[in-house]
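Peer 1: Given these sequences and hints, build the entire structure.
Protein chains: 2
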Amino acid sequence: MDTLKLKRIAIDTYKENVVYLHRECDIYQSQGFQALNKIEVYTDTPPTQVFAVLNVVDGECIIAPGEIGLSEQVFKQFNQPEGSPIKVRHATQPKSLSYVHRKISGDRLNYAEYLEIIQDISANRYSKIEITAYLVGCAESEMDREEVLYLTQAMVNTGERIDWNGAMVADKHCIGGIPGNRTSLLIMPIVAAYGLLIPKTSSRAITSPAGSADTMEALANVELDIAQLKQIVKQHGGCLAWGGTAKLAPVDDILITVERPLSMDSPGQMVASILSKKMAAGVTHLIIDIPVGPTAKMHSYSKATKLRKLFEYVGDNLGLHLEVIMTDGKQPIGAGVGPNLEARDIMRVLENDPQASKHLQEKALQLSGRIIELDNKVRAGQGYAIARDILQSGRALEKFNAILDAQGRNPNPITFGALTYDVTAPKTGTVSAINNFVVAHIARLAGAPIDKGSGLYIHKKLGDRVVQGEPLYTIYAEFEADFKFAQNAAALDSGFEIHNSESVNTL
Amino acid sequence: MDTLKLKRIAIDTYKENVVYLHRECDIYQSQGFQALNKIEVYTDTPPTQVFAVLNVVDGECIIAPGEIGLSEQVFKQFNQPEGSPIKVRHATQPKSLSYVHRKISGDRLNYAEYLEIIQDISANRYSKIEITAYLVGCAESEMDREEVLYLTQAMVNTGERIDWNGAMVADKHCIGGIPGNRTSLLIMPIVAAYGLLIPKTSSRAITSPAGSADTMEALANVELDIAQLKQIVKQHGGCLAWGGTAKLAPVDDILITVERPLSMDSPGQMVASILSKKMAAGVTHLIIDIPVGPTAKMHSYSKATKLRKLFEYVGDNLGLHLEVIMTDGKQPIGAGVGPNLEARDIMRVLENDPQASKHLQEKALQLSGRIIELDNKVRAGQGYAIARDILQSGRALEKFNAILDAQGRNPNPITFGALTYDVTAPKTGTVSAINNFVVAHIARLAGAPIDKGSGLYIHKKLGDRVVQGEPLYTIYAEFEADFKFAQNAAALDSGFEIHNSESVNTL
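Going down the list, the protein sequences come from chains A and B. Sequential numbering of the first sequence, starting at 1, is according to the numbering used here. Sequential numbering of the second sequence, starting at 1, is according to the numbering used here.
Warning: the hint list may mix true and false statements.
Intra- or inter-copy, both count: the list cannot distinguish identical chains.
[To be verified] Only pairs whose alpha carbons sit at most 30 Å apart, straight line, appear in this in silico DSS-like list of lysine-lysine: (1) 484 - 95; (2) 247 - 234; (3) 377 - 461; (4) 460 - 230; (5) 76 - 460; (6) 330 - 306; (7) 7 - 76; (8) 247 - 427; (9) 87 - 484; (10) 38 - 76; (11) 5 - 460; (12) 87 - 461; (13) 7 - 460; (14) 330 - 95; (15) 303 - 330; (16) 427 - 330.
To be clear, the hints were calculated from the coordinates, so they are not data collected in a lab. What you are looking at is a predicted structure, and each value in this text was computed from that prediction instead of being measured.
Peer 2: Rendered as structure tokens:
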């Protein structure tokens, strides 16, 4: 007997493929498998294969000898009914792992090598620790600009691509790090209402309390397939979808499962991840927003300039029209931090609500203006006024509503965590500094982005006068444990500095 | 209700701590846990805590709401009976992870930071991917010599240490990479018979087909606790134990679970791992063997010299008397490759069997001689003759037998894989090169070191004349799948080069 009976095991192992064999199973014994071995589960007809890590089971309750248990993840990928006869064998090490070892030793890799690594990761041939070795090996100073280009090309070529038949396709992307910086959800409808195509694909948050996709998801379905995405953009000019689901440069979706728990976001991977997604989406004109500030990802203009050049080098070699804009990253942009709180900010700006964050509105108009000016018909300097007219006339809101409906509007009202707590000013004075890291950290502790209603709402910004005891921001949480973590962290360091004098660093 | 009922889940997750919660469980729901979250399982009385990764279960068969399932690994560490009330909470990220991130960005870390990392890893606070990030971040050129010293000190200070009351305690260690290089099992009884203390602690194989501990385990129990180890060495002068079990620098045992599947063995970690184990074992005089050859770990004398200096720097600063010897690493040392095959080689040398490998015997005598000369009573140059007398007189065998009995002799005879295959010379000529990597790789494919009887037995060495069709080596395997893998690899590249002429590179 060399086949095993497929059994579905109702264990959720997230993005880790796990299969279960009984210790007394003939095949387990005769093949010399060990727990945590990587094995290949397959059938010859139809030809199907999945790579997974092995857990060995002793009790009869979970699985019997002669059966093989597939965790929910593997069951879904394998896509064969329970009871099917399936086979297992030792997974051979992917050859591309030797390139990862060379990368760790400081070697450069070429395009063919990056392509093989990316294809193997996409096919689930890498274990979690192998993916980590790859990511850390490539981190920081370890990749030169040619390598970032190769990696980007490899990522573009491992997945589907959208063809817009030669149309000008615009997009903007921010490298992140600034809480409440959800301009994409405003720029997209403004630019679409102007008449350009803007098929925005966003990743979910890696290290931040909310990504554009997380925020959009509070309002509408973001898991669009490519046909849906094309249809919506053809009809409405814009959309905001999650790139992972849309099969555009899909390896990102796997890498993120390691990057997120490790809070890793290295420049080379970042540039490759952003530009590959944009290329796969068929973008031709791209604005990159790099916020600079003492607690932004880029602390100095010299560091930001280095990153700008990396974007330009890779973008130019991919044939993208790419412009990098450096923006003020000294403090959060909107007032809300967390998916639902940021979604409310977006709606307020679109609705020209007097409570809307002026800061968020202003930044969105400036960036929209720059994108509109990429259109040859528009004279330099006139984009801002066009964008403002579109927003103030309500055309942006109308466009956004049409797109929400097209993507599948979330029928539930936006809700916020029921547990709330005001963090107040310890003394009277002027807000002289806001630490983006601390604000983001507290919002994450409160449960964002996983719990959509969690996060915080900022009442005071740089230069604002505050009286002792006045709320600086309000923490929202859905779960007691998270609520306490966030409160404790805020008590230790609120992230806000108050100066007695009127003077404040607004440089 | 904030407690859960402990249930033992008969799933073997190797060195990965996994716990299982039912999706409908109140605590799972109210705490906002997610699959693959790191959580802390604890009781207040007695104060016990274990960190683990969460898997979420849907079926009632494995676990019911209100219960918490502990994999075999966690159950063993947690050490509470089934049905006990236990609590869970989110594990806070260890602060030392921020040092790992700094290391990845190219920073140097200080002693206090390495200590905190090592303590957190020892306490199972790091997930597999976090351990990988640490190891890859420290790999290759990334650690300077002060950092290797700090890391070594941190590893020594995280675990128990043996005090030998001021006695001279000798040891030798080889950096590995040469198949069949099992001199430790010969040096230990020779040096002990001479009268020095030699408490050899060895790690298991990381990337090789057999480590000294794996080979010794074919003959006797190697899992000694510190009290047993001290007792045996006091009585017999020597022992060969596995450092991991003996709680000496125990973090190594955890790191190896990532290093082995990744085949990682970076210089900084290697030096720290070797020297910390020796320091913790109370060693005062240490000989380090660095084999040099085109397919050794060190390809050139300049590379080997760099490593020698790293050993010397760290050893001197730890107060060790350390000498580095560079040896010929152009080919395998003994004839057997794999735990049982190497164990037979050892016994043949000790028994002065005419079939014994002269090569293995010679190298063991030379290194033993150097250790014996560390004794001030011995004149330089006389150690070799003393060692040879001890071996030829049978005193080394007598000592080894006494030590095997003291450690707990394996009552079963040494067996070899039943599946055998001769790899033969493709033409008549002289063996001009043997590739250590290929030999080791084929032995590993055949099942070594996991299957103790697997590996290969080498019939011809460098400079030997061979006739076409004559066996170069024999492959031994226990399992059909491994046997085929090894055969296929040998067919592709046997690892042996045969020259037509008599001339051969014996430089």
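Peer 1: Hint by hint, note whether the structure agrees.
Peer 2: Evaluation of the provided hints:
1. 484 - 95: Result: close only across copies, 19 Å inter versus 47 Å intra.
2. 247 - 234: Only inside one copy: residue 247 and residue 234 sit 19 Å apart there, 66 Å across copies, limit 30 Å.
3. 377 - 461: neither (38 Å within a copy, 78 Å between copies)
4. 460 - 230: Neither: 41 Å inside a copy, 66 Å across copies.
5. 76 - 460: For residue 76 and residue 460, neither the intra-copy (48 Å) nor the inter-copy (52 Å) Cα distance is at most 30 Å.
6. 330 - 306: within (19 Å within a copy, 46 Å between copies)
7. 7 - 76: Intra 12 Å, inter 28 Å, cutoff 30 Å: intra and inter.
8. 247 - 427: Answer is neither: 52 Å inside a copy and 53 Å across each miss the 30 Å cutoff.
9. 87 - 484: between (49 Å within a copy, 17 Å between copies)
10. 38 - 76: Both: 18 Å inside a copy, 24 Å across copies.
11. 5 - 460: Intra 62 Å, inter 47 Å, cutoff 30 Å: neither.
12. 87 - 461: Neither way: residue 87 and residue 461 sit 61 Å apart in one copy and 41 Å across, limit 30 Å.
13. 7 - 460: neither (56 Å within a copy, 50 Å between copies)
14. 330 - 95: Between copies only: 25 Å across chains, 45 Å inside a chain, cut-off 30 Å.
15. 303 - 330: within (15 Å within a copy, 48 Å between copies)
16. 427 - 330: The answer is within: 22 Å in one copy meets 30 Å, while 74 Å across copies does not.
Violated hints for the displayed structure, listed by number in ascending order: 3, 4, 5, 8, 11, 12 and 13.
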